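Enquirer: Sequence:
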Amino acid sequence: MRTRRLRRLRRSASFIASATSATSAAVLAGLLLTSCGTQKASGDATAAVDAAAAKAPAGQKHGAPNGIEKLDADEAVLRSREAMAGLKSLKRVFTPDERSKESPLITSEADLRSGCALRYDFGTYGKTDVRFTTTGESPIVYMRLDRAAMKNEHGEKAAARYAGKFVADDQPDIMIYQRLVAPCELDTFSMENTEPGPGTTYKKGERTEIDGMPVLAVEQTNEGGGAQTAYIALRGEPYIVRMANEVYRQDLSRFDEKFGVKAPLAEEVVPMDEFTKTLGIEGPHWEVDIH
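Sequence positions in the sequence shown follow the numbering used here and run 207 to 497.
Think of the hints as simulated: they come from the structure by calculation, not from any bench.
Quick caveat, the model's predicted, so the values are computed rather than measured.
Even glycine gets a Cβ: it sits at the ideal position worked out from N, Cα and C.
There could be a bad hint or two in this list.
Mimicking DMTMM-like on lysine to aspartate or glutamate, the simulated pairs with C-alpha atoms at most 25 Å apart in a straight line are [what the hints assert, rightly or not]:
{"hint": "1", "residue 1": "LYS468", "residue 2": "ASP376"}
{"hint": "2", "residue 1": "LYS333", "residue 2": "GLU473"}
{"hint": "3", "residue 1": "LYS371", "residue 2": "GLU412"}
{"hint": "4", "residue 1": "LYS410", "residue 2": "GLU288"}
Restraint-style ranges between C-beta atoms, simulated for each label pair [claimed, not checked]:
{"hint": "5", "residue 1": "PRO477", "residue 2": "GLU304", "range": "31 to 39 Å"}
{"hint": "6", "residue 1": "ARG319", "residue 2": "GLY431", "range": "33 to 41 Å"}
{"hint": "7", "residue 1": "GLU412", "residue 2": "SER459", "range": "18 to 26 Å"}
{"hint": "8", "residue 1": "GLU304", "residue 2": "ALA270", "range": "33 to 41 Å"}
Please build the complete structure, drawing on both the sequences and the hints.
Expert: Right under this line is the structure:
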């Protein structure tokens with residue numbers, strides 16, 4: 207039932223990962239990011255990773271070695287794709303090279319069982335929170351702008367009245383929200399959507415460590431020159447824990463954890479009708495532009 211509800215929201219929000227325009231298209235294309243090159247690990251660093259792994263009991267924290275580093279690049283990527291395809295929840299952080307209105311820091315916590323919570327951090331322009339749940343009868347999208355974002359979008363009076371409030375849209379429009387909630391889409395990692403395109407090649411890079419997890423860097427080059435580097439976990443499930451290019455870095459964590467996304471409290475919510483009538487606008491044209 208919850209899966210069907212999420213699918214209803216997908217139809218009304220059309221989670222198209224590449225639809226967030228020039229900058230975000232490069233960010234949200236899942237495994238089609240372009241590369242900033244492999245993060246190198248020195249011999250000493252590799253030895254330290256091995257030593258730490260040897261000391262940790264099997265299954266503790268990161269799990270037992272998964273054998274990925276013994277595979278060739280194509281086999282390692284296939285194993286990782288298979289593991290990622292079954293995810294029910296995931297945290298993703300998209301970090302731009304330079305944060306701005308055009309290149310926000312994006313954090314998403316998506317859970318097929320409960321919904322998704324998103325934050326767009328536009329630096330000095332302000333922050334925007336987006337939330338939806340999949341536990342109700344119909345999808346409702348909640349959006350909250352902080353004072354800076356609300357002032358920049360609608361002026362001081364709107365900021366004084368609505369900053370920090372969630373505006374609730376119980377009839378989300380496909381054309382409005384398809385870009386905004388794209389980072390919530392877990393279908394990005396399905397086997398179909400991660401199928402290598404014509405001319406795609408993989409090359410094993412160095413072994414290194416990210417947040418205590420030993421990882422293998424795999425460089426992907428796409429036809430036409432696009433490239434990316436994916437960092438595959440070497441312990442536990444072979445999840446991708448980071449992808450990077452020249453513009454953004456995407457960090458992935460909390461695989462298959464339950465997020466328990468909930469709707470805001472009633473006192474935190476303003477109906478869409480009230481919001482639009484007060485501002486004198488015809489529809490939900492208040493979302494922050496995420497070029």
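Enquirer: Take the hints in turn and mark each one as holding or not.
Expert: Verification of the hints:
1. LYS468 / ASP376: holds, 15 Å
2. LYS333 / GLU473: holds, 20 Å
3. LYS371 / GLU412: violated, 47 Å
4. LYS410 / GLU288: holds, 18 Å
5. PRO477 / GLU304: 31 to 39 Å: The hint (31 to 39 Å, Cβ to Cβ) holds, given that PRO477 and GLU304 are roughly 37 Å apart.
6. ARG319 / GLY431: 33 to 41 Å: Check passed, 40 Å falls within 33 to 41 Å.
7. GLU412 / SER459: 18 to 26 Å: holds, 21 Å
8. GLU304 / ALA270: 33 to 41 Å: holds, 39 Å
When the structure is compared with the earlier hints, a violation turns up for hint 3 alone.
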